[in-house]
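Number of protein chains: 2
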Amino acid sequence: MHTMDKTYYCVIMAGGIGSRFWPVSRSDMPKQFLDILGVGRTLIQQTFDRFTKIIPDENIYVVTNEEYSSIVHEQLPKVPVENILGEPMRRNTAPCIMYANCKIGLKNPDAKIVVTPADHLILNEDLFLDNITEGLEFVTESNALLTLGITPNRPATGYGYIQMSENAENQKFIPVKTFTEKPQLELAKFFLESGDFLWNSGIFLWKQTSIRDAIKNHLKELYSLFSEGIKNFNTPREKETITEIYSGAKSISIDFGVMEKESNVYVMQTNFGWSDLGTWNSLYTIANRDENGNTDLYKNTLFANSNGNYVNIQGDNKIAIIRDLDDFIVVDTDKALLICKRENEQTLTEMLNDAKVKFGEGIK
Amino acid sequence: MHTMDKTYYCVIMAGGIGSRFWPVSRSDMPKQFLDILGVGRTLIQQTFDRFTKIIPDENIYVVTNEEYSSIVHEQLPKVPVENILGEPMRRNTAPCIMYANCKIGLKNPDAKIVVTPADHLILNEDLFLDNITEGLEFVTESNALLTLGITPNRPATGYGYIQMSENAENQKFIPVKTFTEKPQLELAKFFLESGDFLWNSGIFLWKQTSIRDAIKNHLKELYSLFSEGIKNFNTPREKETITEIYSGAKSISIDFGVMEKESNVYVMQTNFGWSDLGTWNSLYTIANRDENGNTDLYKNTLFANSNGNYVNIQGDNKIAIIRDLDDFIVVDTDKALLICKRENEQTLTEMLNDAKVKFGEGIK
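In order, the protein sequence lines correspond to chains A and B.
As numbered in the numbering used here, residues 408 to 771 make up the first sequence, in order.
As numbered in the numbering used here, residues 408 to 771 make up the second sequence, in order.
Careful: at least some of the hints might be erroneous.
Because identical chains share one entry, a pair is satisfied inside a single copy or across any pair of copies.
Below 27 Å or equal to it, Euclidean Cα-Cα: the simulated DSSO-like pairs (lysine-lysine) are [as the list claims (entries may be wrong)]: (1) Lys596 - Lys748; (2) Lys706 - Lys742; (3) Lys765 - Lys706; (4) Lys706 - Lys763; (5) Lys668 - Lys589; (6) Lys596 - Lys413; (7) Lys763 - Lys514; (8) Lys627 - Lys668; (9) Lys668 - Lys460; (10) Lys742 - Lys763; (11) Lys706 - Lys748.
To be clear, the hints were calculated from the coordinates, so they are not data collected in a lab.
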């Protein structure tokens, strides 16, 4: 059992458009709203399901593009509608976090908040919830900004890394030396070997006041935009005000805008079985496979002389026959078919742009 | 202009189930009823379109499984409904031809008939119609059974062959020495080199009386079944009678049952650009291809680093992205997806059987 502290809050960031999961994820239905693992719950529902065990539902907030607000409400009926915050445009994580932080601050200035992406995989939920609870306790007793860092098991080039300070052995909460962008392979190998680097999970914990003050220090323009506008929050003018704020705000991540610049930043090293589910191949990595290494998400494919494929065939009663194919991604929806060698899926965004040129924007 | 002789008749054989074109062709909609070339007319419509230029519509007959009679009527509204002959079960070509021959004989014993498959490709229509007209004239003045033989251009193993008699140079109509089944590759190469062998097009020309007498001589049981039943033709009891006849008839081809045994058999050597469109790969052989050798039937595929593929993606506004794929067949419908190396498509029937075991008969 976890404690249900009324001052604990959660902000689920659900603004992504997920083009790397085309054709299943499209701009009118991004990845976080899909049951991309085929388990019966969408990714955002799985995220909610985790946090609802330790955080009161009325303290769970979702920030998303306003276009998706109704999807969030449908998928998370237990989240109060006033906690679903619609963004008028995409401005990366800093404005998103600031918006939710202002709303929570108006309700409870004593709030302790965990901020999380909507669309990540967490396998060991018990460990995860223990970590979150410990982390919230830690930030309650300090003004620290805390992140969760995952012990890397391979030189992944798709993740950002967090470098821990030296001489931090046996500490649970370790001061952060640097945040890094996604590295090239050689650098990622060096990170892995050094033992000082963790994957940046994008999960943050802090007091409402701590992150407010850090934004005030490091993102002055953003802070003053919100300071000006906050008088209209929780009034009929909130939507209009938010549109003005976002129109004037720079697009910037909380990592780059605050975490890298702030000194009072800690990381908790952990390993609860995490993936950002960033690409089809990342799904293949975690999926169940048959004896030939094939993943057949909906169990509707007959394989012959085929190995190492990730196959996702949608549609009622649709089946597939796949012969002589090795190490491919095959994803089929009623709108589009993708066939691509697994190792080349990073070209998907580029191919999608080519497809838009060839077939029109309608393909999304 | 071709003459429109009122004694010329045409029998279109349309009983096939076309499993080699799965998943587009299914048992409820076989290949002959599909626009498998993407030209706007189904194969049986293209066959009708050719013959309607030289044969009166009321003299055109279609023999098909009774399950498909309504499809034939929909697709060929100009063919009188009484000319659409429904077979209660599949019995190969001899009973089919005998049935149509009886019906035509009741209407005009002086009929000269061309019998043709419903689902073949003919590129040079003018030459084809000249051949048919010449052939009908030839059988008018003889009792010969005439076939059309295509000059082979490769050692095809998917076709039957016709061996011409020696010493037949410069004759338009050449006595046939033998009919052969589909050969193995080595034998096919020998056939090609010898110059004595032609592809068996499955198109036959004869007088109604000539084939009637040949069946009487070589397929006595079949002949007597029909002799018994013909009194009920064109009466309300025809359907019931045909079911009795077919139940009692052996399944046998006209080639094996009559043509191989009859002495008065001729072949006309020609080359009007013919394919039996037997498999996906045969469609690839005749299709338009881009500079990378890809066929994209509906022009809705983006290729990257892919060559030599036959791609047929069905569905309104559906698109495909195909990367890193060489020499495959990719066929996608709302019911099924096929991905198979072109050179291995002969395994399709076997894989379909496996798929029926795995997913149930519903896939057809």
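Cross-check of the supplied hints:
1. Lys596 - Lys748: within (24 Å within a copy, 37 Å between copies)
2. Lys706 - Lys742: For Lys706 and Lys742, both the intra-copy (20 Å) and inter-copy (15 Å) Cα distances are at most 27 Å.
3. Lys765 - Lys706: between (33 Å within a copy, 10 Å between copies)
4. Lys706 - Lys763: Cα proximity of Lys706 and Lys763: across copies only (14 Å, versus 31 Å in one copy).
5. Lys668 - Lys589: within (18 Å within a copy, 77 Å between copies)
6. Lys596 - Lys413: neither (43 Å within a copy, 84 Å between copies)
7. Lys763 - Lys514: neither (44 Å within a copy, 60 Å between copies)
8. Lys627 - Lys668: within (13 Å within a copy, 98 Å between copies)
9. Lys668 - Lys460: For Lys668 and Lys460, the Cα distance exceeds 27 Å both inside one copy (33 Å) and across copies (83 Å).
10. Lys742 - Lys763: both (14 Å within a copy, 26 Å between copies)
11. Lys706 - Lys748: both (21 Å within a copy, 22 Å between copies)
Hint compliance for this structure: hints 6, 7, 9 are not met, and every other hint is.
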